[in-house]
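Number of protein chains: 2
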Amino acid sequence: MDFSAPFLTKYWPHLLIALIGYLSLKFLAQRLSGKERRRRFSYDPARQLDLDDDHEEDQEVAGGPLGLEETTEHIPYRPKRYTEKEMLQRSVEFYRLMDQRRTVRFFSDDPVPLGVVQTLIKTAGTSPSGAHTQPWTYVVVQDFSLKHQIREIVEAEEEINYRKRMSATWVKDLEKFRTTWEKPYLDIAPYLIMVFKQTYGIGPNGERLNHYYSEISISISVGILLAAIQNAGLVTVTSTPLNAGPALRTLLGRPVNEKLLLLLPIGYPAHNATVPDLQRRELKDIMVLM
Amino acid sequence: MDFSAPFLTKYWPHLLIALIGYLSLKFLAQRLSGKERRRRFSYDPARQLDLDDDHEEDQEVAGGPLGLEETTEHIPYRPKRYTEKEMLQRSVEFYRLMDQRRTVRFFSDDPVPLGVVQTLIKTAGTSPSGAHTQPWTYVVVQDFSLKHQIREIVEAEEEINYRKRMSATWVKDLEKFRTTWEKPYLDIAPYLIMVFKQTYGIGPNGERLNHYYSEISISISVGILLAAIQNAGLVTVTSTPLNAGPALRTLLGRPVNEKLLLLLPIGYPAHNATVPDLQRRELKDIMVLM
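Chains A and B, in that order, are what the protein sequence lines are. Residue numbering for the first sequence follows numbering that gives the first Met the number 0, beginning at 0 and increasing consecutively. Residue numbering for the second sequence follows numbering that gives the first Met the number 0, beginning at 0 and increasing consecutively.
It is worth saying that the hints were derived from the structure and are not from the lab. Among these hints, one or two may not hold up.
No copy labels: a pair is met if it fits in one copy or bridges any two.
[Claimed, not checked] Here are the simulated lysine-lysine pairs, BS3-like style, with alpha carbons at most 27 Å apart:
(1) Lys146 - Lys163
(2) Lys283 - Lys258
(3) Lys283 - Lys79
(4) Lys163 - Lys283
(5) Lys283 - Lys146
(6) Lys163 - Lys79
(7) Lys163 - Lys258
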């Protein structure tokens with residue numbers, strides 16, 4: 000904003016036109032992207048998130064539903080019904096099992112059967128999702144060299160975080176927690192589960208399909224995966240690969256509609272594993288009864 | 000953009016000043032909000048999402064860690080280790096249990112013991128979360144009148160969706176699926192679990208604390224809750240209360256830092272419950288092994 004007065008006096012019509020042009024283009028771009036969004040909206044009556052809520056606020060919807068005929072069949076649902084006593088007991092046992100779960104950063108390199116990992120991923124795949132889009136791809140990396148490349152990419156970004164993005168005091172204070180940018184567990188854990196979110200879908204004719212609530216959906220799926228991992232007696236750390244997502248996506252050859260959401264190493268805990276002595280909020284602090 | 004030429008000729012300095020002022024203010028506002036975001040950053044070494052990744056991209060970080068002393072203690076972690084055979088068997092059994100889960104919209108009004116619901120919420124509370132912030136509040140509504148008010152709020156918004164936001168063809172096609180704006184299950188289910196995300200925390204001196212990855216964290220927690228609900232033999236529908244969030248937040252008296260993310264009715268399925276005949280993606284379509 001360092002315009003001198005003579006410059007302004009001389010060139011005001013050009014400046015004014017430039018400014019008006021900028022604002023007009025911006026306005027037009029917003030209008031067009033709004034139209035585009037409406038046009039792309041597609042509808043699946045069989046979605047599992049509550050049907051009627053699965054579009055964006057104040058979004059206008061044109062056109063009819065797609066592929067209704069194939070997905071309209073309804074079938075009876077008759078799950079096993081437990082007695083109250085059984086239900087309470089099952090609930091308490093499951094709570095105790097889940098309550099033993101901790102985020103662990105110290106892994107054993109003991110091998111884990113691939114069949115177990117496949118079953119865990121299948122379990123994650125039972126999750127509900129917006130419009131039943133199932134917007135998840137779980138890339139399981141067992142190859143040693145690939146795991147090491149992943150470690151190098153993640154550590155390179157982390158080193159920048161530590162050296163440039165954090166204060167010296169902070170870094171020093173952190174030393175005793177062994178939470179430097181070094182992540183040996185990325186080499187040691189027998190598998191790395193790379194959780195990719197499909198930010199949009201691709202239709203039969205290559206058209207882009209909106210995915211609604213894909214981040215909530217895939218995170219719910221990861222919650223079910225964490226329960227399955229804990230149930231199997233394995234451990235993980237739910238890490239978010241800050242800044243390293245695009246490089247990792249390229250390394251693993253994933254398409255552009257997929258975005259790395261989480262990186263979960265999986266294996267047995269090391270024999271000398273430790274965890275910070277954290278406490279969970281009590282029931283009265285997380286539940287309100289009305 | 001319907002300015003006539005004489006108007007422009009006469010008032011161009013005022014227009015120019017207004018435009019430059021607008022752009023300057025916008026620029027300043029962006030700068031300030033960026034600064035504000037950096038300044039508000041706080042750090043907890045005990046977070047459960049992977050420590051080093053838990054801040055935003057390229058975010059500058061000033062100041063040291065908070066409250067280190069209270070949270071630095073590390074304790075050994077020695078969970079039960081299953082044999083390979085046990086682990087595989089447990090995995091398969093858990094998968095089969097989860098695979099029977101379906102989103103159900105037809106509820107029985109049979110009562111469910113409150114103790115079960117409390118245990119389910121405790122189980123959700125075992126979830127990991129960014130910086131161990133545990134950014135969730137589960138409001139459990141059992142009061143009939145309050146459930147009915149919730150139904151009225153949700154249906155009022157849904158009716159607008161059906162009458163104004165969707166085409167006539169679409170609405171007609173939907174009739175056979177009974178997915179109108181009417182949601183009788185909100186009255187019938189013995190409990191409604193209202194999942195509130197804490198978008199930011201409030202510190203001991205009333206200061207606002209950033210919550211990182213709170214939506215991922217609470218959604219993971221909901222995934223564990225869904226696993227617990229299924230394990231107990233109960234059903235739910237993971238609904239997103241489109242447009243009705245603010246009214247429901249007010250009705251339930253939740254603070255401004257909480258946002259309604261999901262509404263989960265919970266109970267037994269009705270004896271004549273049906274579900275759409277959906278298929279899940281196969282393992283080969285959701286898992287890539289490298």
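Status of each hint after checking the structure:
| no. | hint | in the structure |
| --- | --- | --- |
| 1 | Lys146 - Lys163 | within (26 Å within a copy, 52 Å between copies) |
| 2 | Lys283 - Lys258 | between (37 Å within a copy, 19 Å between copies) |
| 3 | Lys283 - Lys79 | neither (31 Å within a copy, 29 Å between copies) |
| 4 | Lys163 - Lys283 | neither (41 Å within a copy, 42 Å between copies) |
| 5 | Lys283 - Lys146 | between (42 Å within a copy, 21 Å between copies) |
| 6 | Lys163 - Lys79 | neither (57 Å within a copy, 41 Å between copies) |
| 7 | Lys163 - Lys258 | within (25 Å within a copy, 34 Å between copies) |
Of the numbered hints stated above, those contradicted by the structure are hints 3, 4, 6, listed in ascending order.
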